[in-house]
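Engineer: Here is how the chains run, residue by residue.
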Amino acid sequence: MWKLRSYFKPYLGTIITVMILVFLEVMATLKLPDLMSGIVDRGIARGNIPLIWGTGGIMLAVALGGVLCAVVGNFLASRASTRFGRDLRFDIFKRVGEFAPREFNTFGTASLITRTTNDVQQVQQMFHMSMRMAMRAPLMAVGGVLMVVRKDSGLALILLGLIPIIGLIISYVIIKGVPLFKGLQKMLDRINLVLREQLAGVRVIRAFDRGTYEQERFDKANRDLTGIALKVNRMMVTLMPLLGLLINVTNIIIIWFAAKRIDLGVMQVGDLMAFLQYTMQIFMSVMMLSFIFVMLPRASASAERIVAVMETETSVKDPKEPAQIGRDRGVISFEDVTFMYPGAAEPVLSNISFTANPGETTAIIGGTGSGKSTILDLIPRFHDPQEGRITLDGVDIRQLALEDLRLRLGYVPQQAMLFSGTIASNIRGGKADATDEEVMEAARIAQASEFVNEREDGYGSYVAQGGTNLSGGQKQRLSIARAVVREPKVYLLDDTFSALDYRTDARLRSELNKRAQDATVIVVAQRVSTILHADQIIVLDEGRIVGKGTHKALLENCAVYREIVASQFGEEAVS
Amino acid sequence: MRGHSANRGHGGRGGGYGPRGIGRPVEKAKDFRGTTRRLVRYMGPHKWSLLLVFLATIASTLFSILGPKILGQATTVLFAGVLARLQGLPGAGVDFTAILRILGMLGVVYLASTLFGFIQQIVMVNVSQKTVYKMRKDINHKLARLPLHYYDSASHGDTLSRFTNDVDVISQSLQQSVIQMMSSLITIIGVTIMMLTISPTLTLLTAGMLPLSAGISAFVASRSQKFFVRQQNILGELNGHIEETFSGHTIVKAYGLEAEAESAFRTINDELYENGWKAQFVSGTIMPLIRFVGNLGYVVIAVVGGVFVTRGSMTIGNVQAFMQYSRQFGMPITQVASIVNVLQSTVAAAERVFELLDEKEEAADSPDAKDIMQPAGRIRLTDVSFGYNADEYVIKNLNLAVEPGQLIAIVGPTGAGKTTLVNLLMRFYDVGQGVITFDGHDIRELKRSSLRTMFGMVLQDTWLFEGTIRDNIAYGREGVSDEEVVAAAQAAHVDHFIRTLPNGYDTVLTDDASSISQGQRQLLTIARAILADPAVLILDEATSSVDTRTERLIQEAMARLMEGRTSFVIAHRLSTILDADRILVINEGEIIEQGTHQELMEKNGFYAELYNSQFVSATV
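Note that the protein sequences, when read in sequence, are chains A and B.
Per the working numbering, residue 1 is the first one in the first sequence, and the count goes up by one each step.
Per the working numbering, residue 1001 is the first one in the second sequence, and the count goes up by one each step.
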């Protein structure tokens, strides 16, 4: 929580104001018994009815003042905490936006989403609670004790003795309770995970007849959860009556000693009545405080998760003094590039060297996990390689401004990814200021104009989040149109045509060929038939280049390539 | 494992702190009475405990009601002493024997109240925890008995929400609200009686405050509900935007769309703020207002009571007691409103849980169901028809005879009924008409467990659970050695890949294992099937995300594995099924062609067209 202090800073003024308001509210609450004791000691005892009415009026004013302070304080606290949440949420969103895929992988996309939403909500709630309630308790305790001391300093000693005992009990709860609550949360997560897996994997579980095993797994999680829930709840329900008893016993002691002092004439009955009410109020506020301490671990866990995001620096940074590209052509060159995921035992790519030239198509083919897509990912600098370098027109891409580099690339991933908006706004993702004509031309090349025109709203048709209202093939074509409209120097196509039927595929390729005449095209492929005429085919096997050349040349000199071809066309194709 | 987001859409329920149930939207049960009765019945085994809780609650509440009255007596005695002295009576002073007696009584009352309170709470903890334990267990066991139909039709998020949110609401409610409700009611009655015995006039005045506080809570609550509903909607919108931006982060980066995403985020975020603080503020105003009304009552009692005491129509101790009573009275009244809300959503939650527990179950194995000890793998389908809905057949009059050891390839367009066939073979669904036999036995006469273990299956949907890669592969069979796991991984050509991972076979697969591609996941499930060593293999488009070369390598491993086993392969890529003993071409639930690759090509029909289409393509 402490690490988020810079976010609390702007609210220092508000926090202090709220504190003062809470203090005033507490004082008002504490003033009431004091005034009441006046009614008893000076009004009732002396039969002074006007004084009773007068004091009653003052009490009313004080109560009204109290509620005003509370409402205004709540207003300020609500605004401050929600604004705090808003700013924190925005900063996390921004920070995550800077992350490279590597950071996405370490946190996990789902977890990053939770951190931006739920965790912020938790901390925000805690902030609000602390301002309103956490301050109330100590103020009430201190104020109450002060009032009591003023009434009768001798008796106040009893109360002063009570406070450390309550303090002890509460620290016991914190020390014992906090780990228990954490454990409870863990067990809850565990049982939810087990059930979620069982729902998703029901076919597999039944196919392998592992129902009994799964039920045992669940029963264990259920037993563990119930065990810890019993512990937590037993502790809580023991604590509350115990605190209640403590306060009542204190009351009895107070009355006994007060009786002696009243008998001696050094104390008045009204004071005793006020005294008893103070004890009650102090006790109540302390109970509230312990409530907050129970909530605290959850919020601080959230804060920790947020801080972890905020403290993570992106692994792919802009250079301090970016270099400029001299002749803008689009030559991509890999020079002895080796890349491994952090912590992996073996590299994904080893000693990759090749050059992709403008006006040529470079195809990459190889088995699953051979590193085809990783090669493409290195070019927009989603990752940086550990060894070797990648150049664009002779300049190391790590020395280029990220914006400069990516402006020249038209990346089409394997999984088409669209955003909510319209078809046109998705295509314009490639070039924000593209004219309507440019958008339509790009759609035509990507073979998307047909289905777009069939839609009622054409290019203004609504695209749902993630493009779920479009078919896989349609999404892929729009994703290609987005790259086309950009007019990139380098096309990066990752097995992009897999969801298209062969006729569309063929038309798209020939149109794209015309459009991309002077561009560098690097394409990752599964099907040999789609790359037969590539100018250069790179064959990957377990992260190494095992063949480089045209289809014809590779058939002659690359065993792995022959194997791939044989697997798709049959043995006769190779011989 | 496959990213089912569990709690989305339910984030609002029980999410915030603050007083539960105040100012937040409430759901209502469809059949309140029936469900309540059933919930009570569900807790039947604990009826003696509940009776004890009930009695303890009464005792504890009654004793705590007595407290202020006795305490007041002490004050009265003290005051009498003081007054006597003021009037200068001889020998006047505090009557310490009376005080001692009263304090003694007070001590007994406090102790008794605490003791009974403790009993009531601790017993209720046991009852509620055991009840939800049983409820979770029942849900889980129920899920195990539900037919696949349920899993395919109900959303997993909904089922999960019943399990987590609804059970949580019930447990919280049993733990707190039920007791609170009981003690509140008793307190209201008891305190009213006590107040009436002290002063009917003051009681009337106190009761006059009630409509005021009720009106205030109702007014504020309706306002705050509106804000909460809107806040929930905006939050949903914001979550959607975050989800979309984060999951598409490579595109956002590659096309430099960060600024656009940020400004859209800012707009929604600002809107959330505008609504959020209002929701927070309005709902947070309820408590201070109610406190104010309480203080109002306090002042009225102090003043009016004071006047009464000077007139001698009331003792000072009774004024003090009355003040405490009016507090005790106000608390449960404001509580009751929110408890009613909580109880309502509890019954609604219980209703959803019971709905799940009432789902129709899969027909049980018949008592004389058989085991097949040494399966050969002879499968016969006779006149099989089936539809997921009664009026719509997915499979019509299907006849098929498969001899042990044969490789059967099934091809056909999407939605032709290929996956349905697998569902029927493994008895995930029962046939509508006709019979399926395994080694001559109607599969409905076999134990489901026995039938299913004879099949080894690799599905289109890969399923891996959170655990190490080793455990995931070993899932196929009980009690396998590490060597067997590695051998299976090698056979599935995934051994090299596993070793490139940070912890090799001990790498823990988590929800977001995005470094593991779909193809690699499939290889892992193939390794699992290899390890299971079944009599019949089913590969359901299993290799569609694996490249053709790897697929071929797997096929070689599979070919060895398939020797002597009946195998079904469902695949889109026709090159993978060239070696099949028989190819079934299914369209619209019917076998329209069958034979070997050679035979079907010569026939020059549907299959031949399908096969040829894949070679017609150009290149970029």
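The set of hints was computed from the structure by calculation and includes no laboratory data.
One should not assume that every hint holds.
[Claimed, not checked] Simulated restraints on C-beta separations:
{"no.": "1", "chain 1": "A", "residue 1": "P138", "chain 2": "B", "residue 2": "S1222", "range": "31 to 37 angstroms"}
{"no.": "2", "chain 1": "A", "residue 1": "E335", "chain 2": "B", "residue 2": "I1592", "range": "52 to 58 angstroms"}
{"no.": "3", "chain 1": "B", "residue 1": "H1141", "chain 2": "A", "residue 2": "G161", "range": "18 to 24 angstroms"}
{"no.": "4", "chain 1": "B", "residue 1": "D1430", "chain 2": "A", "residue 2": "T338", "range": "53 to 59 angstroms"}
{"no.": "5", "chain 1": "B", "residue 1": "H1141", "chain 2": "A", "residue 2": "T238", "range": "32 to 38 angstroms"}
{"no.": "6", "chain 1": "A", "residue 1": "K320", "chain 2": "B", "residue 2": "D1168", "range": "50 to 56 angstroms"}
{"no.": "7", "chain 1": "A", "residue 1": "M284", "chain 2": "B", "residue 2": "E1355", "range": "58 to 64 angstroms"}
{"no.": "8", "chain 1": "B", "residue 1": "D1579", "chain 2": "A", "residue 2": "T355", "range": "36 to 42 angstroms"}
{"no.": "9", "chain 1": "A", "residue 1": "G65", "chain 2": "B", "residue 2": "F1032", "range": "42 to 48 angstroms"}
{"no.": "10", "chain 1": "B", "residue 1": "E1392", "chain 2": "A", "residue 2": "E437", "range": "25 to 31 angstroms"}
{"no.": "11", "chain 1": "B", "residue 1": "W1048", "chain 2": "A", "residue 2": "G161", "range": "40 to 46 angstroms"}
[What the hints assert, rightly or not] Now the stretches of chain B that chain A is said to cover, found in silico as 3 or more residues with beta-carbon under 8 angstroms:
{"no.": "12", "stretch": "1044-1051"}
{"no.": "13", "stretch": "1062-1075"}
{"no.": "14", "stretch": "1078-1086"}
{"no.": "15", "stretch": "1210-1219"}
{"no.": "16", "stretch": "1251-1259"}
{"no.": "17", "stretch": "1599-1605"}
[As the list claims (entries may be wrong)] Interface residues of chain B toward chain A, partial, derived using beta-carbon atoms under 10 angstroms:
{"no.": "18", "residue": "F1032"}
{"no.": "19", "residue": "L1106"}
{"no.": "20", "residue": "G1248"}
{"no.": "21", "residue": "V1299"}
{"no.": "22", "residue": "V1336"}
{"no.": "23", "residue": "V1340"}
{"no.": "24", "residue": "L1343"}
{"no.": "25", "residue": "Q1344"}
{"no.": "26", "residue": "S1449"}
{"no.": "27", "residue": "T1500"}
Think of the CB as a built atom: it goes at the ideal place given N, C-alpha and C, for glycine as much as any other residue.
Engineer: None of the hints should be skipped; say for each whether it holds.
Structural biologist: Cross-check of the supplied hints:
1. Under the hint 31 to 37 angstroms, the C-beta atoms of A/P138 and B/S1222, about 35 angstroms apart, fit the expected range.
2. Between A/E335 and B/I1592 the beta carbon distance is about 56 angstroms. The supplied range of 52 to 58 angstroms therefore holds.
3. About 55 angstroms separates the C-beta atoms of B/H1141 and A/G161, a value inconsistent with the hinted range of 18 to 24 angstroms.
4. For B/D1430 paired with A/T338, a C-beta distance near 56 angstroms keeps the hint of 53 to 59 angstroms intact.
5. For the pair B/H1141 and A/T238, the beta carbons lie near 33 angstroms from each other, so the given range of 32 to 38 angstroms is met.
6. For the pair A/K320 and B/D1168, the beta carbons lie near 52 angstroms from each other, so the given range of 50 to 56 angstroms is met.
7. Judged by the Cβ atoms, the range 58 to 64 angstroms given for A/M284 and B/E1355 is violated: they are separated by roughly 41 angstroms.
8. A hinted range of 36 to 42 angstroms for the beta carbons of B/D1579 and A/T355 is consistent with their spacing of about 41 angstroms.
9. Under the hint 42 to 48 angstroms, the C-beta atoms of A/G65 and B/F1032, about 44 angstroms apart, fit the expected range.
10. Taking 25 to 31 angstroms as the suggested C-beta distance range, the pair B/E1392 and A/E437 does not conform, at roughly 47 angstroms.
11. Between B/W1048 and A/G161, the C-beta spacing of about 42 angstroms keeps the proposed range 40 to 46 angstroms intact.
12. Coverage of a stretch by a chain is defined here by at least three residues with a beta carbon nearer than 8 angstroms to that chain's beta carbons; for the stretch 1044-1051 of chain B and chain A the count is 0, and the condition is violated.
13. Against chain A, the stretch 1062-1075 of chain B contributes 4 residues with a C-beta closer than 8 angstroms to a partner C-beta. That satisfies the three-residue criterion, and the hint holds.
14. A count of 7 residues in the stretch 1078-1086 of chain B with a Cβ less than 8 angstroms from any Cβ of chain A is obtained; the coverage claim is therefore met, three being the minimum.
15. Coverage of the stretch 1210-1219 of chain B by chain A is violated [criterion: at least 3 residues with CB-CB distance below 8 angstroms; count 0].
16. Restraint check on the stretch 1251-1259 of chain B versus chain A: 8 residues with Cβ-Cβ distances below 8 angstroms, three needed, restraint holds.
17. Using a Cβ-Cβ cut-off of 8 angstroms, 0 residues of the stretch 1599-1605 of chain B lie near chain A, which falls short of the minimum of three, so the contact claim is violated.
18. Of the supplied interface hints, the one on B/F1032 is violated, with its beta-carbon coming no nearer than about 27 angstroms to a beta-carbon of chain A, more than 10 angstroms.
19. Taken as an interface hint, B/L1106 checks out: its beta carbon lies about 6 angstroms from the nearest beta carbon of chain A, inside 10 angstroms.
20. For B/G1248, the suggested interface contact is upheld, since its CB lies about 4 angstroms from the closest CB of chain A, less than 10 angstroms.
21. Among the interface hints, the one on B/V1299 holds; its C-beta lies about 4 angstroms from the nearest C-beta in chain A, closer than the 10 angstroms criterion.
22. The closest approach between the C-beta of B/V1336 and any C-beta of chain A is roughly 20 angstroms, which is over the 10 angstroms cut-off, so the hint fails.
23. Because the beta carbon of B/V1340 sits about 23 angstroms from the nearest beta carbon in chain A, more than 10 angstroms, this interface hint is broken.
24. Annotation: interface hint on B/L1343 violated; nearest CB of chain A at approximately 19 angstroms, more than 10 angstroms.
25. Against a cut-off of 10 angstroms between C-beta atoms, the interface hint on B/Q1344 is violated, since the closest Cβ of chain A lies about 23 angstroms away.
26. Taken as an interface hint, B/S1449 checks out: its beta carbon lies about 4 angstroms from the nearest beta carbon of chain A, inside 10 angstroms.
27. About 4 angstroms separates the beta-carbon of B/T1500 from the nearest beta-carbon of chain A, less than 10 angstroms, and the hint is met.
Comparing the model with each numbered hint stated earlier shows that hints 3, 7, 10, 12, 15, 17, 18, 22, 23, 24 and 25 do not hold.
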